[in-house]
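Novice: Chains as they are written, first to last, in this note's numbering: chain A, 1 to 63; chain B, 64 to 944.
What the hints contain is simulated information worked out from the structure, not anything from laboratory work. Backbone N, C-alpha and C define an ideal beta-carbon position, used for all residues, glycine too. Do not take every clue at face value.
Okay, the calculated bits of chain A under chain B, using three or more residues with CB under 8 Å as the criterion [what the hints assert, rightly or not]:
id: 1; stretch: 5-11
id: 2; stretch: 26-34
id: 3; stretch: 37-48
Calculated Cβ distances over 12 Å to all of chain A for the following chain B residues [said to hold, decoys possible]:
id: 4; residue: 86
id: 5; residue: 150
id: 6; residue: 224
id: 7; residue: 292
id: 8; residue: 302
id: 9; residue: 330
id: 10; residue: 342
id: 11; residue: 440
id: 12; residue: 585
id: 13; residue: 632
id: 14; residue: 642
id: 15; residue: 708
id: 16; residue: 840
id: 17; residue: 894
id: 18; residue: 917
For lysine to aspartate or glutamate, the following EDC-like pairs were computed, each having C-alpha atoms within a straight-line distance of at most 20 Å [unchecked claim]:
id: 19; chain 1: B; residue 1: 154; chain 2: A; residue 2: 48
id: 20; chain 1: B; residue 1: 154; chain 2: B; residue 2: 110
id: 21; chain 1: B; residue 1: 902; chain 2: B; residue 2: 825
id: 22; chain 1: B; residue 1: 724; chain 2: B; residue 2: 714
id: 23; chain 1: B; residue 1: 154; chain 2: A; residue 2: 40
id: 24; chain 1: B; residue 1: 654; chain 2: B; residue 2: 906
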Amino acid sequence: MIAAIIVCLSVFFALVFTLAYFLKADLRDQIERPKYAFQDQLRRYNCETSNANSTNASTSDEQ
Amino acid sequence: MTVLQDHESAGQVDAQLVHAHGMAAMITLLIAMVFGIIISLQFFLPDLTGSWLPMGWGRLRYAHTQGIMLGWLGNAFLAFLYHAVPILTGKPVTSHKLGLWLFGIWNFAVMLPGWILVLAGISQPLEWAEFPLAVDAVVIVAFLMAAVQFLPPFFRRGLENLYVSSWYIIGGLIFTLMSYPMGNIVPEFVPGAAGAAFSGLWIHDAVGLFVTPLALAILYFVIPASTGRPIYSHFLSMLGFWGLFFLYPLNGTHHYIFSVIPMEAQITAIAASALLGVIVVIVVSNLMLSQRGAGWLPRDPGLRFASMSVVFYLVVSVQGAMQAQMSLNQAVHFTDWVIGHSHLAMLGFATFAGIAGIVHAWQRLPSVRYNALAIDWAYGLLVVGITIMFLDLTIAGVIQGKLWQAGAPWLESIQASRPYWVIRSLSAIPIAAGFIALLAGLTTGPRRAGNRTVSGEMPQQAAEVQPVLAATPDKTLMMSYVVASIAGVAFFVMSVSLLGVWPKQVLAEQSALMAPQNPLPPTTAEERGRVIYAREGCAYCHTQQVRYTAADIARFGAATLAWETRFDYPHVLGTRRIGPDLARAGRTRTKDWHYLHLFAPRAAVPLSIMPSYAALFDGAPDRPLQAARDLVAYIDTLGTARELAWPEADEAARAVTLDDKWAQMSFAAPVLNGHPGRTRPRGNAPPLSLPAAEEVGQQLWLDNCSGCHGDEGRGDGPGAQWLKPQPTNLTVREYSSSRLADVLWNGVHGSAMPAWRDQAPENLAALANVVLGFSDIVEVAPPSPAELTLGELVYQTHCAECHGDGGGGDGFAANDFPITPSDFRGERPSYAESVRILKNGVEGTSMAPWTDRLDDEEILAVAHYVRQFFAGGDNPTGASQ
């Protein structure tokens with residue numbers, strides 16, 4: 001009984017989420033947006049790291 | 064220039080703390096690995112660390128698992144969080160000072176004292192929760208500090224833009240904070256099977272709510288960061304995230320399938336396990352698709368570790384979903400299969416993710432050394448080692464399960480496992496070498512070499528970034544995430560309610576219904592013994608739960624009822640059987656045997672792999688210290704409460720639980736205590752089919768009997784001198800086959816001679832054959848009629864009341880003795896042995912020396928007389944009595 005409820009609830013939530021994703025284009029964009037945002041954050045971090053490293057390297061070279 | 068300033072100029076990553084936790088992770092990993100290697104060696108070198116308790120198997124096992132989970136993975140995750148959170152949120156973590164405190168507390172107030180206390184014998188016998196309560200309190204404080212350190216940057220950013228790694232980090236920290244106290248503290252206050260229900264939740268939550276979320280956070284971070292492309296689908300990742308957080312907590316009870324925990328709770332866990340398998344396939348598919356184009360063996364080391372972690376995750380999760388199903392669980396639970404599974408989870412999936420996180424962060428740290436070649440070697444060695452270990456333990460588990468199902472003698476499963484245990488230890492060579500190479504990779508090589516490795520990726524990353532950041536957040540989505548968050552917490556509460564609180568209620572009701580009236584609580588000595596049993600990790604080799612399966616009931620007796628465990632704070636049900644189950648061990652062996660077995664296990668059981676507990680003795684098995692006395696007192700209580708109340712209590716309980724088919728299964732067991740070694744009254748032994756295979760018998764003898772009786776049957780085995788009565792010298796005796804059958808089938812009650820009911824009839828026949836072959840009696844001249852007449856007179860006057868008029872050991876006083884008098888119809892001592900016994904008595908039995916009551920002539924005469932009762936191999940004594 002409890003197992004059946006859990007299975008049904010899980011499948012229900014998954015279906016609702018999936019249907020909403022496929023039926024609503026703007027929602028789809030919203031859901032997928034963070035993965036692109038993350039790439040942007042990574043790119044910014046890598047640029048900063050790269051700059052910092054060049055600065056550090058030149059500082060240590062001077063020393 | 065300080066290190067911190069370095070980070071502030073590079074995305075606010077706190078490199079000092081990344082570095083500190085990374086190094087702490089490596090150090091704790093190597094220490095925990097050494098513990099693991101020692102305990103793996105002890106499987107075939109059980110005397111490796113002598114009897115020094117701090118290096119005993121159980122304590123090391125506790126230190127090993129806590130070291131891997133909290134020391135290695137905890138530090139690895141923290142190192143990753145210091146790298147990832149500022150990048151994910153664009154904001155620094157709460158406080159560098161708080162980070163230093165967290166580092167200090169995690170390593171010097173959790174790991175160090177935790178290990179010291181566990182090795183000193185202060186611990187909890189709870190899986191993945193072995194550190195004692197005092198340390199648990201500090202762990203909770205540390206998790207709170209971690210939450211304060213890492214969560215605020217996420218909440219400042221807003222839920223709708225959270226990347227999946229952020230969700231896993233938030234979920235992991237919050238849910239671990241909720242589940243840790245439940246698994247580490249609640250079982251101390253909820254006894255027995257009910258406590259095990261909570262404990263089971265934590266066993267799975269430790270993996271599902273702490274390790275898995277943070278490992279997946281790393282994978283979702285490292286893969287796109289290394290490939291330079293976004294993950295395949297954020298939708299699938301979120302589907303997986305919510306699926307995992309909804310379903311993981313509901314899995315816990317699958318560690319106790321076929322136990323007394325209510326079947327409804329078990330089935331819930333089984334269903335959740337199957338669903339979880341589906342969710343994991345979604346997660347893994349997404350992670351694999353996210354690596355498209357990176358190749359089977361990615362060039363980037365962090366990505367390579369992450370990629371392998373994904374493979375391990377798929378295998379271990381599908382395996383987990385399968386082994387929760389009843390049919391497979393029945394066969395492999397308690398075996399090395401499960402150990403292979405847990406190693407694949409912690410050492411495969413989680414460790415590879417942890418390494419991926421550390422290596423990825425290390426490559427980007429300023430001013431650290433980095434040795435790419437050593438990292439490459441680490442990868443290869445670890446993949447090989449862990450794969451060998453996993454396959455080896457899985458095969459060993461299948462073999463063990465098969466042998467247990469077939470009812471084979473326990474030691475057969477030990478023997479069959481030995482080669483696999485050796486291979487498991489050998490697999491530690493590449494694993495240890497891999498971890499050392501990893502350490503070398505992170506501490507040797509040129510400084511900033513990692514930076515140079517990753518610098519080529521950045522142009523690639525820019526290509527797939529879409530300009531969607533400026534879009535207005537969708538309120539529906541935000542609301543759905545809020546609702547899902549609340550639902551996630553609700554599912555966790557539901558899991559605790561369904562799989563912890565509700566079973567506790569049901570088990571309490573069952574106990575009230577089925578328990579005998581006024582059962583005696585354990586004595587102080589038994590309680591002390593229980594503490595020793597717990598601290599030495601006995602429950603990690605010996606379960607204390609006869610499961611509701613035919614194989615368990617046949618081997619051990621009636622399945623365990625809830626009330627039988629109601630004084631167990633915390634429970635010691637166990638989840639692994641290296642030795643046999645002990646739920647019905649009480650009154651099965653003599654105290655002498657237990658003392659000998661604890662002091663020198665192989666003297667009592669030649670094939671035993673149990674570590675020695677000689678430290679509990681004052682130099683010899685017959686000089687037990689109070690701790691050994693307490694421990695044996697405790698073992699002797701196991702199963703006795705039900706036995707003392709039997710059969711009335713069982714009958715009363717059976718009558719009120721007719722609708723409970725599982726309880727009825729326990730009541731319907733053919734015998735309450737089915738322990739194969741338990742001694743029984745004489746009689747009902749199946750006849751032996753002599754003659755039997757000689758070689759088989761010799762090996763059986765050496766494996767099972769030589770410890771007490773000696774290799775040549777002289778009663779002079781290494782354990783003999785510590786047993787009272789001493790093992791019989793078989794060279795000075797003759798036996799009828801039926802008497803031998805009786806002794807082998809029933810044992811000798813009151814002595815250390817156990818029954819051998821787990822041996823096949825042909826094996827018993829082979830052993831009997833060996834015993835008959837030992838007999839080396841030098842016949843003496845037959846007695847004169849006058850001697851026989853005197854012997855008969857003496858016998859009837861002094862001996863018959865115990866040994867019976869006909870010498871059958873059935874005199875009217877026979878039942879008053881703990882050890883039944885000898886049956887002279889089934890066994891005949893040599894003349895010299897008879898005289899010796901009459902003069903010296905038999906220590907440890909009621910047979911006293913007779914020199915103060917009989918003169919030499921009478922002793923010689925009765926020695927002749929008792930020998931004439933023997934009827935040889937045709938005497939049906941024993942089998943017919």
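Novice: Would you mind marking each hint as holding or not holding in the structure?
Specialist: Results for each hint:
1. Counting residues of the stretch 5-11 of chain A whose C-beta sits closer than 8 Å to any C-beta of chain B gives 3, which meets the bar of three, so the coverage hint holds.
2. For the stretch 26-34 of chain A, the stated coverage by chain B is satisfied: 9 residues place a CB nearer than 8 Å to a CB of that chain, which reaches the threshold of 3.
3. Restraint check on the stretch 37-48 of chain A versus chain B: 12 residues with Cβ-Cβ distances below 8 Å, three needed, restraint holds.
4. With a minimum CB-CB distance of about 20 Å to chain A, residue 86 of chain B clears the 12 Å threshold, and the non-interface call stands.
5. At the 12 Å boundary, the C-beta of residue 150 of chain B falls inside the reach of chain A, the nearest C-beta of that chain being 5 Å off.
6. Look at residue 224 of chain B: its CB is around 6 Å from the nearest CB on chain A, not clear of 12 Å, so calling it non-interface is violated.
7. With a least beta-carbon separation of about 8 Å from chain A, residue 292 of chain B fails to lie farther than 12 Å from that chain, contradicting its non-interface assignment.
8. Not every CB of chain A lies more than 12 Å from the CB of residue 302 of chain B, the least distance being 6 Å, so the non-interface label is violated.
9. Once the 12 Å rule is applied to beta carbons, residue 330 of chain B is inconsistent with being away from chain A; the minimum gap is 5 Å.
10. At roughly 8 Å, the least C-beta separation between residue 342 of chain B and chain A is not larger than 12 Å, which violates its mark as non-interface.
11. The beta carbon of residue 440 of chain B sits about 26 Å from the closest Cβ of chain A, which is more than 12 Å, so the claim that it is off the interface holds.
12. Listed as outside the interface, residue 585 of chain B is consistent with that label: its C-beta sits roughly 35 Å from the nearest C-beta of chain A, beyond the 12 Å cut-off.
13. Under the 12 Å C-beta cut-off, the non-interface status given to residue 632 of chain B relative to chain A holds; the minimum distance is some 28 Å.
14. In this structure residue 642 of chain B is separated from chain A by more than 12 Å, as the shortest Cβ-Cβ distance comes to about 34 Å.
15. Residue-level check passed: residue 708 of chain B sits 33 Å from the nearest beta carbon of chain A, beyond 12 Å.
16. With a minimum CB-CB distance of about 68 Å to chain A, residue 840 of chain B clears the 12 Å threshold, and the non-interface call stands.
17. The Cβ of residue 894 of chain B sits about 73 Å from the closest Cβ of chain A, beyond the 12 Å cut-off, so the non-interface label holds.
18. Under the 12 Å C-beta cut-off, the non-interface status given to residue 917 of chain B relative to chain A holds; the minimum distance is some 75 Å.
19. Between residue 154 of chain B and residue 48 of chain A, the direct Cα distance comes to roughly 14 Å. Compliance with the 20 Å bound is thereby established for this hinted pair.
20. For a cut-off of 20 Å, the pair hint linking residue 154 of chain B to residue 110 of chain B is broken: about 54 Å separates their Cα positions.
21. Pair hint residue 902 of chain B plus residue 825 of chain B does not hold up; C-alpha atoms about 38 Å apart against a cutoff of 20 Å.
22. Simply put, residue 724 of chain B and residue 714 of chain B have alpha-carbon atoms about 15 Å apart, close enough for the 20 Å limit, and the pair holds.
23. Using a Cα cut-off of 20 Å, the hinted pair residue 154 of chain B and residue 40 of chain A holds, with the two alpha carbons roughly 14 Å apart.
24. The straight-line distance between the Cα atoms of residue 654 of chain B and residue 906 of chain B is roughly 15 Å, inside the 20 Å bound, and the hint therefore holds.
In this structure, the hints that do not hold are numbers 5, 6, 7, 8, 9, 10, 20, 21, in rising order.
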